[in-house]
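*Asks:* Sequence:
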Amino acid sequence: MNELSMITATDLVDRYRSNTVSPVEATEAALQAIEQFQDRVNAFVLVDPDGALAVAAESERRWQQGRPLGPLDGVPMSIKDIFLTDGWPTLRGSKLIDKAGPWTEDAPAVARLRAGGAVFLGKTTTPEYAWKGVTDSPAYGATGNPWDAHHHAGGSSGGSATAVGLGMGPVSIGTDGGGSVRIPASFTGTTALKPTYGLIPMYPPSPFGTLSHAGPMTRTVADAAILLDLITGFDHRDWSAMPTPQGSFADGLGDGVEGLRIGFSADLGYGRNAPGVLAAVRDAVTVFAEAGAQVTEVDPGFADPVEAFHVLWFSGAAKVLQGHDEEFDSIDPGLRRIVETGRGFNASDYLDATAVRMAMGVTMGAFHTDYDLLITPTMPITSFGTERQAPEGWPSQLWTSWTPYTYPFNMTQQPALSVPCGFSDGLPVGLQIVGPRHADRLVLRAGQAFQDRTDWHLRLPNLITG
Numbered sequence: 001m002n003e004l005s006m007i008t009a010t011d012l013v014d015r016y017r018s019n020t021v022s023p024v025e026a027t028e029a030a031l032q033a034i035e036q037f038q039d040r041v042n043a044f045v046l047v048d049p050d051g052a053l054a055v056a057a058e059s060e061r062r063w064q065q066g067r068p069l070g071p072l073d074g075v076p077m078s079i080k081d082i083f084l085t086d087g088w089p090t091l092r093g094s095k096l097i098d099k100a101g102p103w104t105e106d107a108p109a110v111a112r113l114r115a116g117g118a119v120f121l122g123k124t125t126t127p128e129y130a131w132k133g134v135t136d137s138p139a140y141g142a143t144g145n146p147w148d149a150h151h152h153a154g155g156s157s158g159g160s161a162t163a164v165g166l167g168m169g170p171v172s173i174g175t176d177g178g179g180s181v182r183i184p185a186s187f188t189g190t191t192a193l194k195p196t197y198g199l200i201p202m203y204p205p206s207p208f209g210t211l212s213h214a215g216p217m218t219r220t221v222a223d224a225a226i227l228l229d230l231i232t233g234f235d236h237r238d239w240s241a242m243p244t245p246q247g248s249f250a251d252g253l254g255d256g257v258e259g260l261r262i263g264f265s266a267d268l269g270y271g272r273n274a275p276g277v278l279a280a281v282r283d284a285v286t287v288f289a290e291a292g293a294q295v296t297e298v299d300p301g302f303a304d305p306v307e308a309f310h311v312l313w314f315s316g317a318a319k320v321l322q323g324h325d326e327e328f329d330s331i332d333p334g335l336r337r338i339v340e341t342g343r344g345f346n347a348s349d350y351l352d353a354t355a356v357r358m359a360m361g362v363t364m365g366a367f368h369t370d371y372d373l374l375i376t377p378t379m380p381i382t383s384f385g386t387e388r389q390a391p392e393g394w395p396s397q398l399w400t401s402w403t404p405y406t407y408p409f410n411m412t413q414q415p416a417l418s419v420p421c422g423f424s425d426g427l428p429v430g431l432q433i434v435g436p437r438h439a440d441r442l443v444l445r446a447g448q449a450f451q452d453r454t455d456w457h458l459r460l461p462n463l464i465t466g
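Here the sequence shown is numbered in UniProt numbering, starting from 1 and rising by one per residue.
Hints may contain errors.
[As the list claims (entries may be wrong)] Only pairs whose alpha carbons sit at most 25 Å apart, straight line, appear in this in silico SDA-like list of lysine to any residue:
#1 K319 - E105
#2 K95 - V306
#3 K95 - P204
#4 K319 - G334
#5 K319 - W239
#6 K99 - D86
#7 K95 - R336
#8 K319 - V306
#9 K99 - G334
[What the hints assert, rightly or not] Computed beta-carbon distance windows for the label pairs:
#10 D304 - G426: 27 to 37 Å
#11 R272 - G361: 17 to 27 Å
#12 G393 - R62: 46 to 56 Å
These are computed hints drawn from the structure, not numbers from a lab. Ideal placement from N, C-alpha and C gives every residue a C-beta, glycine not left out.
Throw the hints in and build the complete structure from the sequences for me.
*Replies:* See the structure below:
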């Protein structure tokens with residue numbers, strides 16, 4: 001395997017600057033990784049080698065002239081097939097969307113990356129309309145995990161996580177409406193951030209409303225910070241977009257966690273963890289204490305909001321499929337079931353669920369007056385086989401039943417970062433770092449402090465090591 005494919009975006013740019021590696025060479029390495037692994041893991045729905053190499057050649061000329069367009073100019077990357085991308089179809093894992101287009105518009109994040117000279121390799125897999133926590137669909141099949149191709153990569157941004165994990169471009173962008181960048185990050189041993197809602201503008205508006213975020217998917221926190229710099233900022237097409245941030249998210253990244261007050265909750269007061277996951281997470285928490293943080297074991301104080309989340313999520317799914325009754329049999333059977341449930345909710349149900357969100361926001365606001373950060377497991381389990389929709393013997397097939405620590409923070413719109421923190425039975429375990437709304441820099445700083453003291457993010461997956 002070409003070693004260039006596993007170099008971080010930050011290191012690639014340093015090598016472009018010193019003229020020891022070119023964007024064309026890096027893009028060729030990423031394309032070789034795609035050729036090597038795509039048939040085994042099914043991470044991409046579209047790959048454009050010729051287009052990527054042409055953009056890489058343009059970037060190479062800019063670097064030679066000392067005029068890069070931005071901090072990721074010439075870095076090969078992928079895009080989840082949820083984001084509109086000029087010239088490429090956006091099919092959202094569904095057979096219902098007409099591939100013919102026309103496809104003439106970029107989503108805000110895609111437009112910013114294109115303007116910054118990023119090299120688009122292709123589009124990555126998603127479950128149909130990004131509705132669940134594993135990545136499979138009637139249109140494209142299942143996406144495998146870099147550590148075991150017969151295990152799920154997680155979802156709904158599973159294709160992006162697997163691509164990053166196997167060197168098919170060092171970075172990607174995904175979406176997260178209930179854990180969709182963090183679940184696959186945990187399952188694949190990669191890094192992903194769900195930022196504060198509105199920080200990354202979203203267009204077109206998601207049918208899942210203000211649960212849906214976009215986020216960077218990378219191997220390191222440093223790469224996530226740089227990618228976040230590029231894809232944040234006000235866009236008039238998003239009515240809820242925040243003002244453009246001042247400064248870089250990489251500023252202060254290495255300042256450490258000394259003196260920070262960190263609350264650690266092993267289960268948020270209602271979850272249950274596999275023993276190996278809990279052991280890895282508890283070991284990870286000691287890293288923060290050894291780095292000078294004040295760590296206290298404490299639950300944040302809210303009950304499992306899953307029923308309220310279901311009202312919000314299932315109603316959104318019903319809206320997605322509105323007008324497609326004649327094609328209902330062609331969609332994911334699990335999606336059909338939640339659509340049927342979602343059609344039964346009324347405005348009062350929706351408002352009651354929204355009230356649960358608001359109460360959670362108050363609770364977490366109070367929590368963060370005492371604690372700067374909250375740490376939890378990202379997932380209570382490791383990945384499971386692609387033939388299943390839930391772990392073997394699990395009491396429910398609903399994806400929310402085995403993702404209890406991710407969707408709450410979509411409801412509260414807080415920044416939440418997943419970093420790899422160990423293994424259980426040979427599969428990665430993720431650690432989730434949650435901050436108050438607008439404390440994205442602090443969350444990234446804590447993640448960097450952890451990665452400065454551990455090497456879990458540097459481990460190469462089994463498909464690479466053989």
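*Asks:* Now, for every hint given, state plainly whether the structure supports it.
*Replies:* Going down the list of hints, with the structure as the test:
| no. | hint | verdict |
| --- | --- | --- |
| 1 | K319 - E105 | holds, 23 Å |
| 2 | K95 - V306 | violated, 29 Å |
| 3 | K95 - P204 | holds, 19 Å |
| 4 | K319 - G334 | holds, 16 Å |
| 5 | K319 - W239 | holds, 19 Å |
| 6 | K99 - D86 | holds, 13 Å |
| 7 | K95 - R336 | holds, 14 Å |
| 8 | K319 - V306 | holds, 20 Å |
| 9 | K99 - G334 | holds, 23 Å |
| 10 | D304 - G426: 27 to 37 Å | holds, 30 Å |
| 11 | R272 - G361: 17 to 27 Å | holds, 25 Å |
| 12 | G393 - R62: 46 to 56 Å | holds, 55 Å |
Checked against the numbered hints given earlier, the structure breaks only hint 2 and satisfies all the rest.
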